[in-house]
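Chains as they are written, first to last, in the numbering used here: chain V, 1 to 114; chain S, 1 to 114.
Misleading hints may appear alongside valid ones.
As the list claims (entries may be wrong) - With the C-beta cut set under 7 Å, the calculated list includes, among others, these residues of chain S facing chain V:
no.	residue
1	K102
2	F105
3	G106
Please keep in mind that the hints were generated in silico from the structure rather than gathered at the bench.
It should be emphasised that the depicted structure is a prediction, and the values quoted were computed from it without experimental measurement.
Beta carbons: idealized from backbone N, C-alpha and C, even for Gly.
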Amino acid sequence: DAKTTQPTSMDCAEGRAANLPCNHSTISGNEYVYWYRQIHSQGPQYIIHGLKNNETNEMASLIITEDRKSSTLILPHATLRDTAVYYCIVRLYMTTDSWGKLQFGAGTQVVVTP
Amino acid sequence: DAGVIQSPRHEVTEMGQEVTLRCKPISGHDYLFWYRQTMMRGLELLIYFNNNVPIDDSGMPEDRFSAKMPNASFSTLKIQPSEPRDSAVYFCASRAQGTNEKLFFGSGTQLSVL
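Model the full structure from these sequences, guided by the hints.
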């Protein structure tokens, strides 16, 4: 699986959009980008995933560059409850030999301030 | 749905004692995963099951660790004998067949081995 690079930490003002970057320059054509987050003292929570098209759901939007070497997770209106570690993971989709072997890196600690 | 249920929430034991962690996956989910999280190593996949059968246990640190899934609604992770370096948060996660990598995590078991 391709390696990802994320900033160690970032701050965001409550009510503003939070834009979380992720670099995955070695991504291959059949690898998806997944985002999870982990709020303190809780298990990781799935946010969104995509291949090459931009994706949006009730939690966030995912913008993947045309060359697929980087992506941005957008939390449109950050709240205090969005304070968490955000993980960007690149993963082959539904490989038969290692389903579910998501490898979590260090992630980005996002702090939303009032 | 109650989500993935883990017990106990906290466990404190002495070195050399046997520890058993329990997990109830979401009903209908075919895959079950055990992860361990420490400050030094982050989130590590220990083992995962598909339809109650262990598929990949390459992440299990050593023979002191064992995991079972006697039926679709219950799994255990056992450490015998426990050591201080096993202190960590242990997460159980599950997912349904064909739902990409959308894992649902439990709240974890905080294990402290003194």
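Right, here's what the structure says about each hint:
The beta carbon of K102(S) comes within 5 Å of a beta carbon in chain V, closer than 7 Å, and the hint placing it at the interface holds. Among the interface hints, the one on F105(S) holds; its C-beta lies about 3 Å from the nearest C-beta in chain V, closer than the 7 Å criterion. The restraint placing G106(S) at the interface with chain V holds, with a minimum CB-CB distance near 6 Å, inside the 7 Å limit.
Hint violations for this structure: none, all hints satisfied.
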